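Colleague: Whenever a hint applies, use it, and build me the whole structure from the sequences.
There are 4 protein chains.
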Amino acid sequence: MPFIYHQKVRFRHCDPAGIVFYPRYFEMMNDTVEDFFEKVVLLPFSGMHQDCGVPTAGIEAQFQAPTRLGDQLEIGLTITRLGRSSLGFAYDARCGGEQRFTATSTVVFIDSGGRPAAWPGTPRARLEEHMKKETSHGA
Amino acid sequence: MPFIYHQKVRFRHCDPAGIVFYPRYFEMMNDTVEDFFEKVVLLPFSGMHQDCGVPTAGIEAQFQAPTRLGDQLEIGLTITRLGRSSLGFAYDARCGGEQRFTATSTVVFIDSGGRPAAWPGTPRARLEEHMKKETSHGA
Amino acid sequence: MPFIYHQKVRFRHCDPAGIVFYPRYFEMMNDTVEDFFEKVVLLPFSGMHQDCGVPTAGIEAQFQAPTRLGDQLEIGLTITRLGRSSLGFAYDARCGGEQRFTATSTVVFIDSGGRPAAWPGTPRARLEEHMKKETSHGA
Amino acid sequence: MPFIYHQKVRFRHCDPAGIVFYPRYFEMMNDTVEDFFEKVVLLPFSGMHQDCGVPTAGIEAQFQAPTRLGDQLEIGLTITRLGRSSLGFAYDARCGGEQRFTATSTVVFIDSGGRPAAWPGTPRARLEEHMKKETSHGA
Chain A
87 MPFIYHQKVR FRHCDPAGIV FYPRYFEMMN DTVEDFFEKV VLLPFSGMHQ DCGVPTAGIE
147 AQFQAPTRLG DQLEIGLTIT RLGRSSLGFA YDARCGGEQR FTATSTVVFI DSGGRPAAWP
207 GTPRARLEEH MKKETSHGA
Chain B
87 MPFIYHQKVR FRHCDPAGIV FYPRYFEMMN DTVEDFFEKV VLLPFSGMHQ DCGVPTAGIE
147 AQFQAPTRLG DQLEIGLTIT RLGRSSLGFA YDARCGGEQR FTATSTVVFI DSGGRPAAWP
207 GTPRARLEEH MKKETSHGA
Chain C
87 MPFIYHQKVR FRHCDPAGIV FYPRYFEMMN DTVEDFFEKV VLLPFSGMHQ DCGVPTAGIE
147 AQFQAPTRLG DQLEIGLTIT RLGRSSLGFA YDARCGGEQR FTATSTVVFI DSGGRPAAWP
207 GTPRARLEEH MKKETSHGA
Chain D
87 MPFIYHQKVR FRHCDPAGIV FYPRYFEMMN DTVEDFFEKV VLLPFSGMHQ DCGVPTAGIE
147 AQFQAPTRLG DQLEIGLTIT RLGRSSLGFA YDARCGGEQR FTATSTVVFI DSGGRPAAWP
207 GTPRARLEEH MKKETSHGA
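Protein chains in written order, with our numbering: chain A, 87 to 225; chain B, 87 to 225; chain C, 87 to 225; chain D, 87 to 225.
Please keep in mind that the hints were generated in silico from the structure rather than gathered at the bench.
Computed from a predicted structure; not experimentally measured.
Don't take every hint at face value.
Pairs involving identical chains hold if they fit within one copy or between any two copies, as the list cannot separate such chains.
Straight-line distance between alpha carbons at most 20 Å, and here's what the computed EDC-like set of lysine to aspartate or glutamate pairs gives [said to hold, decoys possible]:
(1) 125 <-> 157
(2) 219 <-> 124
(3) 218 <-> 117
(4) 94 <-> 160
Modeller: Written as structure tokens, this is what we have:
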């Protein structure tokens with residue numbers, strides 16, 4: 087089962103065409119990852135940016151259908167790959183069952199010097215545990 | 087030769103780690119495409135959103151190195167493919183010669199009903215002319 | 087009792103000093119007003135922007151103390167004045183009891199031509215009813 | 087003569103009503119102050135956020151007329167008051183002579199501990215020199 091982030095589409099997300107301006111989708115994806123790190127990995131961004139970080143190394147998205155002001159988006163996040171210092175995500179955003187965008191990204195764990203570093207034991211264990219749950223529930 | 091967009095990295099682009107928050111890069115890429123349509127295709131966004139549009143269908147980016155407050159980014163835009171109603175772009179963003187991010191995207195020409203439509207003759211001719219210049223100058 | 091909007095401070099709100107970048111506060115205030123119109127006035131922005139609108143005519147804010155990543159903001163909104171076509175708001179944003187910012191703004195009801203117009207009867211009645219509740223509960 | 091900042095209104099600034107979303111005006115005002123500190127005070131934000139800062143303590147704005155995609159804004163900035171650690175600004179934003187918004191703000195010089203501190207001698211001298219020029223040219 088994917089980690090779910092709920093985002094109502096707000097006035098500030100929308101462009102002159104009345105639909106979500108696509109850079110705002112990336113802010114929503116970042117919010118999703120931020121919540122995932124706080125709630126699943128128990129490594130909140132607020133405690134992180136002195137000693138380490140998880141910058142995004144790459145991201146790609148496909149926008150299948152426009153999203154309008156007031157729409158309720160459900161963004162599903164799943165782990166696609168856990169590397170020594172990297173972590174792959176897949177996103178599937180829907181509104182009332184209709185797919186609006188899909189995406190994948192890779193984040194990298196870095197140390198205080200900004201260099202890629204191995205995931206520490208506890209966060210890695212939580213990520214592995216979460217991946218097992220994802221699989222066993224058929225995500 | 088690519089179309090060049092200059093963007094100074096500003097306070098509003100930067101995150102608590104002191105580097106550009108990656109969704110802001112997508113705003114910069116949108117600014118680049120906006121200028122390209124105004125200056126090269128002579129189809130400014132300001133005259134467009136009643137009758138037609140050029141929404142982004144997909145985009146991917148790789149972030150090679152962080153960009154800091156005050157950095158001068160030079161974003162090069164080239165056309166990778168001109169379809170019946172689509173247009174592919176490649177982006178190469180550098181600061182003082184160092185690559186900061188690369189990206190590709192696809193935009194689609196749509197009519198007032200939001201359906202993909204063939205590029206009108208004049209914009210298509212300008213895109214084709216620009217592609218010839220890109221090749222002849224070795225971009 | 088004021089209308090309350092809850093906003094967790096996210097990575098995308100914060101600047102290189104690690105605190106909320108003040109233009110993001112205005113986005114939060116807009117979200118607060120957006121929710122107020124949907125939940126109290128029953129006039130959601132999503133149904134509004136064809137025939138009418140409620141643009142902000144003026145706004146001022148004082149930032150008493152910085153707000154950091156992870157902070158839980160509680161933004162209280164009260165009505166200060168209901169005019170023929172205007173509406174005055176006061177905001178009081180706190181985190182754990184500490185005041186972070188206060189603000190006031192004026193929005194104006196406009197018709198499809200963008201001209202100030204009298205609040206229609208039903209929204210006006212709801213605004214008046216809400217003002218009574220505010221007073222009777224001691225806001 | 088005021089310090090002038092030029093800002094073309096871009097797609098990313100505009101809301102579903104096709105006009106500038108007012109929180110974006112505050113980003114433009116921040117850009118204006120950022121340029122003023124770099125070019126007039128010779129104290130660029132990029133060199134500042136380790137040891138000191140100039141957070142905004144309060145700001146108010148009146149929006150006289152809407153601004154549309156493609157408009158060329160000219161934002162004039164003048165100093166209204168130089169205190170021991172504070173600095174008052176006035177903004178006057180116009181497009182083709184028509185006033186779009188006016189604003190005032192106060193920023194405060196703070197030290198590395200986040201406490202208000204006296205403006206150092208060199209920046210203060212430059213601010214005073216700039217104020218003389220403003221007056222002598224009749225701004």
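Colleague: Hints first: check each against the structure and report whether it holds.
Modeller: Hints and how they fare:
no.: 1; hint: 125 <-> 157; result: between (25 Å within a copy, 15 Å between copies)
no.: 2; hint: 219 <-> 124; result: within (17 Å within a copy, 38 Å between copies)
no.: 3; hint: 218 <-> 117; result: neither (23 Å within a copy, 37 Å between copies)
no.: 4; hint: 94 <-> 160; result: both (9 Å within a copy, 19 Å between copies)
Violated hint: 3 only; the structure is consistent with all others.
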